[in-house]
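Line by line, the protein sequences are chains A and B. The working numbering applies: residue 7 is where the first sequence begins, and numbers increase by one. The working numbering applies: residue 7 is where the second sequence begins, and numbers increase by one.
If you're looking for bench data, these hints aren't it; they were derived computationally from the structure. Computed from a predicted structure; not experimentally measured. The reader is advised that the hints may include incorrect statements.
Unchecked claim - Result set (DMTMM-like, lysine to aspartate or glutamate): computed pairs, CA atoms no more than 20 Å apart in a straight line:
1. K58/A <-> D43/B
2. K73/A <-> E26/B
3. K58/A <-> D54/B
4. K74/B <-> D43/B
5. K50/B <-> D54/A
6. K50/A <-> D54/B
7. K74/A <-> E26/B
8. K68/A <-> E81/A
9. K58/B <-> E51/A
10. K50/B <-> E81/B
2 protein chains.
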Amino acid sequence: MSILSYFFGEKKKTANVARERLQIILAHERAGRDAPDYLPQLQKELIDVISKYVAINADDIKVQLEKKDDFEVLEVNIVLPEPARR
Amino acid sequence: MSILSYFFGEKKKTANVARERLQIILAHERAGRDAPDYLPQLQKELIDVISKYVAINADDIKVQLEKKDDFEVLEVNIVLPEPARR
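Isolated chain A (complex conformation) (with noise of 0.2 Å):
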């Protein structure tokens, strides 16, 4: 299965909701050894760079972080503002 399927089953389900949306998704697999919890330092980052690219209220952005032995995956959802049409 391709990536491009996964995110298409889960478009399917929310497909009359025509708003713009943006999700990241971080995995991290530590392969067993001690190496440092970055995730959520570089999730604030990743949010201050996309905001360069488009207009992001604080309050449509969800986060959610997964953890299960040494994989570790943040996603980032983020439905972005209406256009100035209205």
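Following the hints, complete the assembly by docking chain B onto the known chain A.
Okay, now just chain B, sitting in the frame of chain A:
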């Protein structure tokens, strides 16, 4: 299916090779309107940010961009260098 299970499925295939890996996925849904395509520029800046946290060799970065309709997925795979224990 959670995004974590997607990555765990991937992990099993390559479990023999114990390397530290970082995967970034940027999924952009444009909601049918004429939004600018900023993912390639964004990708460069994201890699710059990550370089502040971990040493990355340019050769170890693999980038893949998939597009379909108004949906665009940028996948960046980074194999991190071995630690200084050898």
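(message) Going through the numbered hints above, which ones does this structure break? Give me the numbers in ascending order.
(response) Every hint satisfied by this model.
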